[in-house]
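Asks: Residue-level listing of the chains:
There are 4 protein chains.
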Amino acid sequence: MTTMRRWEIDAIGREHLRLRDVPVPVPGPCEVLVRVAAVGLNYRDKMVIETGRGLPLRFPFTPSSDLAGEIVGLGEGASRFAMQDRVISTATPDWIDGLRPGTARTPAYRTLGGYYPGVLAEYLAMPEDWLVRAPASLDDRQACTLPVAGLTAWFGLVERAGLRAGDTVFIPSTGGVALFGLQIAKAHGAEVIVCGRTEDEERTRQIGADHFIFAERDDWMEQVYRLTGDRGADVVLEVIGGAHLGQSVELAAVGGKVCQIGALAGFDFTAPAMPLMLKDVTIHGIGTGSRSALERLVRAVDHAGIKPVIDSCYPLSELPTALDHLGHGAFGNVVVTMQD
Amino acid sequence: MTTMRRWEIDAIGREHLRLRDVPVPVPGPCEVLVRVAAVGLNYRDKMVIETGRGLPLRFPFTPSSDLAGEIVGLGEGASRFAMQDRVISTATPDWIDGLRPGTARTPAYRTLGGYYPGVLAEYLAMPEDWLVRAPASLDDRQACTLPVAGLTAWFGLVERAGLRAGDTVFIPSTGGVALFGLQIAKAHGAEVIVCGRTEDEERTRQIGADHFIFAERDDWMEQVYRLTGDRGADVVLEVIGGAHLGQSVELAAVGGKVCQIGALAGFDFTAPAMPLMLKDVTIHGIGTGSRSALERLVRAVDHAGIKPVIDSCYPLSELPTALDHLGHGAFGNVVVTMQD
Amino acid sequence: MTTMRRWEIDAIGREHLRLRDVPVPVPGPCEVLVRVAAVGLNYRDKMVIETGRGLPLRFPFTPSSDLAGEIVGLGEGASRFAMQDRVISTATPDWIDGLRPGTARTPAYRTLGGYYPGVLAEYLAMPEDWLVRAPASLDDRQACTLPVAGLTAWFGLVERAGLRAGDTVFIPSTGGVALFGLQIAKAHGAEVIVCGRTEDEERTRQIGADHFIFAERDDWMEQVYRLTGDRGADVVLEVIGGAHLGQSVELAAVGGKVCQIGALAGFDFTAPAMPLMLKDVTIHGIGTGSRSALERLVRAVDHAGIKPVIDSCYPLSELPTALDHLGHGAFGNVVVTMQD
Amino acid sequence: MTTMRRWEIDAIGREHLRLRDVPVPVPGPCEVLVRVAAVGLNYRDKMVIETGRGLPLRFPFTPSSDLAGEIVGLGEGASRFAMQDRVISTATPDWIDGLRPGTARTPAYRTLGGYYPGVLAEYLAMPEDWLVRAPASLDDRQACTLPVAGLTAWFGLVERAGLRAGDTVFIPSTGGVALFGLQIAKAHGAEVIVCGRTEDEERTRQIGADHFIFAERDDWMEQVYRLTGDRGADVVLEVIGGAHLGQSVELAAVGGKVCQIGALAGFDFTAPAMPLMLKDVTIHGIGTGSRSALERLVRAVDHAGIKPVIDSCYPLSELPTALDHLGHGAFGNVVVTMQD
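Residue numbers (our numbering), protein chains in the order written: chain A, 1 to 340; chain B, 341 to 680; chain C, 681 to 1020; chain D, 1021 to 1360.
Any given hint could be a false lead.
Claimed, not checked - Taking lysine to any residue and the SDA-like style, the derived pairs with C-alpha atoms no more than 25 Å apart in a straight line are: (1) A:Lys307 to C:Phe739; (2) B:Lys386 to A:Met274; (3) B:Lys647 to D:Gly1249; (4) C:Lys726 to C:Phe739; (5) C:Lys726 to C:Gly922.
Derived by calculation from the structure, the hints in this document are not laboratory data.
Work out the full structure, taking the sequences as your base and the hints as a guide.
Replies: Given below as C-alpha cells:
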C-alpha cells in the first residue's frame, strides 16, 4: 500500500477539515512507521480545529495526539521497538521524565496535534522516542485513550496528589479524564464521589463510584460535606476550572490536594484565600504527564485491570460526527477507528 | 507583684482598646506562668481589633499571638519546662505535628489573639503545650517574631516548597514574613529576588537580596524574567494575594511552587489556568505551621545565624502607635516590649 | 461485674504465665474503660513473655498490645469517645503523628505489652488518647489485628514506600504482617509476588497473590527476576531480616524501596553495597506507625474492603496454645477472644 | 594540533599505565570536541586501573570520569553548546533525569572511565548530551571535581535526604565527597559534625565544620551523642560503609537519613535492626546522580558560593603520583591539569 487517508486542515475552522489521500510516509533515522488502529479524541482537538487555540500550526495540519497502533516499519537506527509491537503515543513527546521542558516566560506547549503534526491518519512516521508499549490487557480502541485522558488523571491523582487507599476523591464530571480518575481512584482503594448528570448515575455507579451527586441540584456542595461527615475530599479532580476551582478548595479536606486539570469554565480561575490557607490545601496544575509516567500508567492498567470507558467509536471518515459528539458532552471517551 | 497590665477590647474597634491593670493569673494544671518580655505584632492583629475579622471573640478580649518570655511559674503536673526557661508561643496551638485540625466545612482558625485569648499582657497563664523553647541565639525582641512571621515563611519555603541551594526565590514585599523569607532562603543557599519600594533597596540588599526590583516600575515582571534568563522563580512567596497570585504563577519556573500566604489584595485570588497547567506549577496554601515546624525553625535560626529584622520597638503603652506603624507598612517586624 | 480475668507473669518465662481474677479497673481522668472483645497476638508477645526482650517490665506484667473492644466507661474529662463506641488500641501510644518520640541514643520502645501494661484482660482502663475508632466493616476478631500487623504493613508500603497501582511488590512470607501487606498492595492495584511454603500456595493466591514462589526451591530469587522480566520489585516487604535483607536489595528494582520490618533471622542485617548504591535503592526501617496512620488504615480497610486473614481464634484461657501456634508459624493472624 | 596525549592501559594493573601520543579525535554527529583543562580523580579510578573492578573494559582503556574543559569543535547537528562554552562531564551519562537506567538483575554501571572510555586526555570527542555547562564561579580545577565528588554529596544530602537549615549532619571523613558534603550542608544552614584525623581539625573547621571529632579516639560515637544532646544526626553521609553503616544507624536521629555512599570498609554492610526500625531511619543507596541533578548543583555552587576543596593538583604526566596520593588519603579532591 502506498497511499493512505489523513485528516487535514489548510486553515483554522471546521469548514477546512478534509480527509485526503496522501502517500504513506517513510520513517527517517531513529523513526518508526506506525499503522494506526485507533485515535482517542480530546476536547482540545475540537478547539484546535475550530479556533487554533493560539498555537503555531503549520498547514496542512493534522489534528489529535492519541493513537494506538502497531510498528510496521523501522527507520535506520531505531531500536526501542520490534516489528509488530503494539504502541501508544505520548502527547507531549519532549517530556521524558522529571521536569517538563519550557520556561517561566514560554511554557512548552509542544504536543502532537498542536505544535507537532497530529495522528488522525492511517500511517505515521515518527521518532521512536515518542511511543511507549501498549498495555497487553487493552485492545486498540481502549489503549488509544491513555495518552491524554488516562495520563492526565493518573499524573494528577497518583504522581502529584499521592492518592492512597481510604482517601476520598471528588470528581465533578463524567467526561474522559473524569472517568479515568474514577477508575484509577478505585484501583487504589479510594472512596469516590462523582457529581454528574442525573441520567449518568447508574452507569457511573457501575464503574465504581461510591456516591453520585446530581449536578443539577443546588445543594451539591452540601452533599459532599454530608457524605464525608464534613471532613471533605482528600483529592479533587478539578476538570472544570474557572470559579469551580474555588468550590473545589472549599470542599477539600485539611491537607487536601486539588488537581487543576480542565478549563471548560474559563481560562482564569478564582478561589477563596482563607480555606486555601487555613486548610493547608495544595493546588497542582496538571497538563498531561511525562513518558515515564505513561509507562507507569500502562503497568497500572495491566495489573489493576482498568478498562477505559468508551462512549462511542466512529470510523475515520466520520470524524466530524465524532467532534460534534464531543461538543455535546461524552460519558467517557470518544474514539475514531481506522477500520470502516 | 499581684497586678499587671494587659491590653483589652470590650467591643470591636480601635476606640475600645484599653490598657488595664488586672490580677496576675495563676497557672492551672499542666499550665505555666510566663512573664512576657516582647510581643511581635502582625497585620492580622490590627484587623482583629478593628474588624473582628469574623472571629468569635469573647470580651474582654486581648489581641496578638506572638510572645517571647520566661517561665516564672509551674502549674500542677507541668513538666515540659523548668523555671527560667526562655520560651516563645505557638500561634496555632492545637496544631502539634502532621495535619492541622479542622474540617472541610469548618477550617480551624483557633489562634492566640483570635479564638483563644491573646498575649499583650505582662504575664500569661497558658497550657505548657502552647510553648516552645526560644532560640538561644536571639534576644526576646527578636525571638517574639518567630511564631507567625518566621514560621509562616519557614513552613512555606522549607516544609512545603522544599527549597534548596541554587533555587531562585521571588519575594514581592519587604514586610515581616517577606524578610524572614529572604533570610531563610539565603540561609539555604538560594538566589533571592525582592520586589519592593525604592527607598528599601539598600537595606534589603544588606540583608542578602541578590536582586532588587522597584515595585513602582511597570516592567517588574519583565525584570524577573530577565534576571532568571526566562527560567522564572522556583519558589514564590506570595504575600499579597488577590490578582497578584496570577502574576506569581506567570513568574514561576516549570515545576515551580507558589506559597499563598497573604491576602492584602483581597480574600479571593485569581490566576490564569494555562501557565499553571503547562508549567506543572503547585500552589500551597500556607497558614502558619505546626509546633514541630516551629521547633525546627528554632534550630535553623540557631544554626544558620538568622537574625530577624525589626523595624521598630514600642513600649507596651504605645500599642496604638505600633498598630498605626503596621498600617503604614513596615520593613520587617514591629515589636512591643514590656519594659517602658 | 467487679472481677475479671487477666493474664500475668510475675517473672520472665512461659512457666510464670497465670490467668488471674483481678478487680475490674476504674478509669481515671481522661481515661476510658474498655471491655475487650479480642486480642491480636504478635510474635513479639511470645518473645517478651519468654525472654523479656530486654524491656523494663514491671511485674506482675500483662503481655500483648492489640485489642478490639467497646467503650463501657468514661473517666472524668474523657471526650474522644462515647459509650458503646467500638475501638482498637494503638500499640505505640506516644506516637500521635509526624515523628515518633525517642532519641538517637535511646529509641523509644514504649509499647503496650512492653513498657506499658498489655491488653490480655477482659477489661482495661487506659488513656482515651491510646485508642482509635474500629473500622465499621470488621468484626472484633478481625479488627484486633490492625494495631501492629496491619499498621506495620500499611506504614511501610503506603506511608514510607509510597506504593501505587502497577508497582510490583515482593513479600517473602505468609505471616500476619505479610498477608496484610498482600492485601494492602492488592487494594492499591499492585502486582504481588509472595514467597512461601508449598502448602500455602492455594490460599495465598485466593487472597490475591498474582504469583507464588516456593520458598523451598533453590532458585526463588531467579524466579523473582523472571517474573518481573529482570525489572525487580518496586517494593519489598522484608519481614525476615538478617542476611535476607541483602537478598531483598538484590531483588529491588532501580529506585526500589525495601521496608525492613522483621528480625526473625537475626537482629543484625547485612546487605551488599553495590546494588544498593547502583540501583538507588532505599531501605526504610519500620516499627509500627503513628496513631494518625492507624486512622488512615481504618479508613482504607472500610473503603477498600480489606478483610484481615485469621489463621485461628483461641479463647482467653487457651493463650498458651495460641502462643505455641505462633511459634510454629501461622498463615496470617492468631487471635484470642474473650468469650469462651 | 593533530596529536595529543592520553593515558591508557592495555591490561589491568598500574604497570600497564602509559601516556601516549594519539590523534586528536573528530566529533561525530551530535558530538562535540572538548579541550580538557582539568580532571578530578576519584578513588574508584585507582581501583579500576589496579583491579578492573569487574568492569567490561575495552583496551586500550582510558580511566577517569570527571573533566572540566571547553567546547572547541561541534559535530554535525550538535546544538546544546556553542564554541568556547565551558563544560563539565556527567559521570553516569545515561542518567538524564528521574530514574536511572538498569534492572534489578543488572544494575547499570555505565560510567565514563568504566564502561565508557575515560577522560584523562587532552581532547575528547563525546556526545553533547554527556556534558553540562560549568559553573561560572569556579575555575577549571575546581569545576572538574563536581561530576562525582560534588554530585554524590549533593544527591545524597539534598535530593534524597532533603536536608534543611537547622539539621545536624554527621560526616565521618575528610575526603572529596565528605568535604563537599560539609560545604553543601553548611550552604543549607545545617550544623555539621565531622569526624577525622587530628591533623585535619583546623582546616576542616575553616571550611565550616561546627564540630570536629578525633576519629582516633575510642569514644567518638559518644561524642556525637553528647554534641547533639542525644538527639543524634538528622543526616549521615556514610562514606565508609561496611560495619560503619551500623554505627551511622546508631547515631541517626529519629526519622534520620543515612546516605550510603562509600564502600571503603567493604562491599557488604551490616547494621543493627532495632535502632533502624525503632527510630524510623531511612538508608538511601547513593551512586552519583542524574544530569538534571548536576545542573542543579551547578546553580547551587554559583548561588551559594561553594568553592571545592582541592588537596593537590598534578600535571597530566604525573598521574601515577596523583594516584599514589589518593591511596594515602586526601583532604578533599586530587586534580590533574593538562598544562604542565
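Asks: With reference to the structure, classify each hint as holding or not holding.
Replies: Checked hints:
1. A:Lys307 to C:Phe739: violated, 59 Å
2. B:Lys386 to A:Met274: It holds: about 17 Å lies between the C-alpha atoms, which stays within 25 Å.
3. B:Lys647 to D:Gly1249: holds, 24 Å
4. C:Lys726 to C:Phe739: holds, 16 Å
5. C:Lys726 to C:Gly922: Holds, at about 20 Å.
Of the numbered hints listed earlier, the single one contradicted by the structure is hint 1.
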